[in-house]
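**Q** Take the sequences, apply the hints, and build the full model.
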Amino acid sequence: MVQEYKNSDLDLFQKINIQDPKDNFVNKKKRIKSSNADKKLGFNYALQDVNNFKNIENTLTNDKSKKNESVFFNQIDVDDYSGFKDMYPHNISLEQTTKKKLSVKKHLNEDGTYPSFDQDIITANKTKVFNGIYDEPKFLPGGDKYLLIEFGNIMNLELNFKAQGLSKLIEQAKINGVYETLPCFASMIVHYNPDEIGYTDLIKELKSLVKEFKDNDDTIVNSRLFHFPTVYLDKWTKEAIEDYISKIALKKSDPEFIVELNNLDNVDHFVRVHSGTEYWVASLGFWPGLPFTMPLDPRCKLTAPKYNPPRTWTPKGTVGMGGSSTAIYPDRLPGGYQIFGRTPVPIWDPEKNFDVFKDSICLFRPGDRIKFIPCDYDEFEMIEKKVKEKTYKYDLIDEHKFSIKKYKQWLTQLNHNKKF
Amino acid sequence: MFEVIKPGLETSVQDYPGRIGFLNQGFPPSGPMDSWSFRLANLLVGNHENSGALECQYTGPTLKFEKDHVISICGADMQPKIDGRSIPMWESIMVKSNQTLELGFTVTGARSYIAFSGGIDSEKWLGSQSTFHKAGVGGIDGYALKESQKISLGNSKGKIGRKIRAESIPDITNSGVWEIEVVRGPNDDWLDNAGYETFLKADWKLQARSDRTGFRLDGPSLSFNEKATNKSPEHGYEPSNIIDQGYPIGGINLAGQTPIILVNDGPSMGGFIVPFTVPSASFWKLGQAKPNEKFKFKEISVLEAQEMRSEQTSLCSMGSII
Numbered sequence: 001m002v003q004e005y006k007n008s009d010l011d012l013f014q015k016i017n018i019q020d021p022k023d024n025f026v027n028k029k030k031r032i033k034s035s036n037a038d039k040k041l042g043f044n045y046a047l048q049d050v051n052n053f054k055n056i057e058n059t060l061t062n063d064k065s066k067k068n069e070s071v072f073f074n075q076i077d078v079d080d081y082s083g084f085k086d087m088y089p090h091n092i093s094l095e096q097t098t099k100k101k102l103s104v105k106k107h108l109n110e111d112g113t114y115p116s117f118d119q120d121i122i123t124a125n126k127t128k129v130f131n132g133i134y135d136e137p138k139f140l141p142g143g144d145k146y147l148l149i150e151f152g153n154i155m156n157l158e159l160n161f162k163a164q165g166l167s168k169l170i171e172q173a174k175i176n177g178v179y180e181t182l183p184c185f186a187s188m189i190v191h192y193n194p195d196e197i198g199y200t201d202l203i204k205e206l207k208s209l210v211k212e213f214k215d216n217d218d219t220i221v222n223s224r225l226f227h228f229p230t231v232y233l234d235k236w237t238k239e240a241i242e243d244y245i246s247k248i249a250l251k252k253s254d255p256e257f258i259v260e261l262n263n264l265d266n267v268d269h270f271v272r273v274h275s276g277t278e279y280w281v282a283s284l285g286f287w288p289g290l291p292f293t294m295p296l297d298p299r300c301k302l303t304a305p306k307y308n309p310p311r312t313w314t315p316k317g318t319v320g321m322g323g324s325s326t327a328i329y330p331d332r333l334p335g336g337y338q339i340f341g342r343t344p345v346p347i348w349d350p351e352k353n354f355d356v357f358k359d360s361i362c363l364f365r366p367g368d369r370i371k372f373i374p375c376d377y378d379e380f381e382m383i384e385k386k387v388k389e390k391t392y393k394y395d396l397i398d399e400h401k402f403s404i405k406k407y408k409q410w411l412t413q414l415n416h417n418k419k420f
Numbered sequence: 421m422f423e424v425i426k427p428g429l430e431t432s433v434q435d436y437p438g439r440i441g442f443l444n445q446g447f448p449p450s451g452p453m454d455s456w457s458f459r460l461a462n463l464l465v466g467n468h469e470n471s472g473a474l475e476c477q478y479t480g481p482t483l484k485f486e487k488d489h490v491i492s493i494c495g496a497d498m499q500p501k502i503d504g505r506s507i508p509m510w511e512s513i514m515v516k517s518n519q520t521l522e523l524g525f526t527v528t529g530a531r532s533y534i535a536f537s538g539g540i541d542s543e544k545w546l547g548s549q550s551t552f553h554k555a556g557v558g559g560i561d562g563y564a565l566k567e568s569q570k571i572s573l574g575n576s577k578g579k580i581g582r583k584i585r586a587e588s589i590p591d592i593t594n595s596g597v598w599e600i601e602v603v604r605g606p607n608d609d610w611l612d613n614a615g616y617e618t619f620l621k622a623d624w625k626l627q628a629r630s631d632r633t634g635f636r637l638d639g640p641s642l643s644f645n646e647k648a649t650n651k652s653p654e655h656g657y658e659p660s661n662i663i664d665q666g667y668p669i670g671g672i673n674l675a676g677q678t679p680i681i682l683v684n685d686g687p688s689m690g691g692f693i694v695p696f697t698v699p700s701a702s703f704w705k706l707g708q709a710k711p712n713e714k715f716k717f718k719e720i721s722v723l724e725a726q727e728m729r730s731e732q733t734s735l736c737s738m739g740s741i742i
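So the sequences go chain by chain: A and B.
Sequential numbering of the first sequence, starting at 1, is according to the working numbering.
Sequential numbering of the second sequence, starting at 421, is according to the working numbering.
Check each hint, because a few of them may be wrong.
Listed next, the in silico EDC-like pairs over lysine to aspartate or glutamate satisfying Cα-Cα at most 20 Å (straight line) [claimed, not checked]:
#1 Lys544/B with Glu351/A
#2 Lys716/B with Asp623/B
#3 Lys247/A with Asp638/B
#4 Lys138/A with Asp609/B
#5 Lys352/A with Glu543/B
#6 Lys544/B with Asp378/A
#7 Lys647/B with Glu205/A
#8 Lys138/A with Asp638/B
Just so you know, the hints here were simulated from the structure itself, not pulled from any lab data.
**A** Structure representation (structure tokens):
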């Protein structure tokens, strides 16, 4: 039972100006063939694994006799991946690619500190262009009504704590003319009314608040943990990717692309790594209720570029990543993240059909955590049915406290040789 | 009360300045694209400038009135008629009960505003009547007007025969070229000098299916600084990729090589750079520009943009009404 979607595609980022996409695609394909490089760029799902994919779906949905506890589970322990071995047998890119892999830089030193990027990565003749956390935040104008404060140019929890903490402080300061703030991973938007406060006065006020703000490792925040049943490498995102490839631009399938960029063994390995950590909700944005999250276990930090150009549609409930951020699409939306999974659980609900929405129509709050639990199509459909009947119970633990000090201690004790 | 005979093309209820204060849950402000014309329309019928009114896009609606009402029409010229007879724009006029107001396809500009004395009486959603129809919230049941809907109006009585001073009316033309002010930033230093100059010198063409969420532009490719290519892996390696950040409304988002101006219903956050931002005082031009028309960008400072805004605010006042 597949959920029905609105027929009208959303127009945001929609107009893709290719005169004759099909011809373009065919021509590209021809060019690749002639250079004998189709294996490198080909979309393997489409070219050779369609039957394989169908078989797997049949196995998962029809052949109940093959079910056993280790394969079909509801929840997994972080360190127990025995169940994965047989779950995604459609191993896509086994052939060794000759293309030079893009290097993915280390995200965390073994002693738990963050690497300083200007030492080993930037060659001697290049200037220092990024240095992690800035000594002084940068104040950057966004037209006449918005200001962007940038605290650094890496993604880590401390920066998000800073953005969230400062946002609270600004809210409490009730500066005349400041409407609201929008903190994200390493920066924050301040929305103000220039009729009430000028640009230079605003910066002066904000600078004094920044000075007042102290990073504090003793900070403890309430943090709810949500379990999200998710079908990884699913048929719906696959369809969206194929549609993009046939109409807009040739690209490698998203899961394979992530595997290649991050030096992973194969897509199964990717699923294990991606679902092996909790994700920290750093912010909501882009669309009502959409969470921008970062992995809490640095060993699970992956990276991928955003689509170029963006996709015109993404199925509702899609799980995707861009940069090192993971997001869930609350609705059928355009988007730029690489996509690879889908969850049946709604994350925004204007009708407030479930208890969790009683305070807000958006499920998440910054500081929540998400754990993606790989599931199969049967489970997906069962949950989808419960959601439709409004009987689904959200799988969440809401009494957790999150301490940044304890988190940092945990980072220093990580076994970096662990294989996911 | 009026009945919607024909809804027009995505005619929606908006108020000014829209849904403010919910950016951190992902809600854009919405509100009228050309807030200059919108505010004048409200003032003409004796409303507060922020009252709920209709935004008509390209093709206006046909509405049948159940009672006498003072209305005004400002913005794009959709050749408004009452019972088949042309009526003036930028002026408050009376529609009598059982009369039909009809707006057609636009001849000048893209968006026209119909204000009603007493305003539109619709439920506020998160503090605003503005329709964000892509997400199905606000306005009338979350969406644009639909055929045979009946929409309630407020009760206050307006005066007829009020007009706008000629010098207070925005200059909406059919020249096909718009000079649009931009402020540098927040991510202007991701472009190199050549990229920056190319952006300001080029003729940009507004793509066809631009809408209230984003205006896509066709034009040359832009070149980048080292900052865009040599960065931590969390950004994503494409030059236009940045660690996800909040977007200003009006931000010119560089998604790959396609600039997209993020307008009233646009996304609040994302992972592409924003090298320039269109200031609020220039939004009326975006609201009145039609697909395939040309944009030329002109750089101004933040302070100049704020001055322009306050000049526009003073034009949108009773001082402009005669």
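**Q** All hints are to be evaluated individually against the structure, with a verdict given for each.
**A** Evaluation of the provided hints:
{"no.": "1", "hint": "Lys544/B with Glu351/A", "verdict": "15 Å, holds"}
{"no.": "2", "hint": "Lys716/B with Asp623/B", "verdict": "6 Å, holds"}
{"no.": "3", "hint": "Lys247/A with Asp638/B", "verdict": "18 Å, holds"}
{"no.": "4", "hint": "Lys138/A with Asp609/B", "verdict": "12 Å, holds"}
{"no.": "5", "hint": "Lys352/A with Glu543/B", "verdict": "18 Å, holds"}
{"no.": "6", "hint": "Lys544/B with Asp378/A", "verdict": "41 Å, violated"}
{"no.": "7", "hint": "Lys647/B with Glu205/A", "verdict": "29 Å, violated"}
{"no.": "8", "hint": "Lys138/A with Asp638/B", "verdict": "31 Å, violated"}
Against the hints set out earlier in the document, violations occur for numbers 6, 7, 8.
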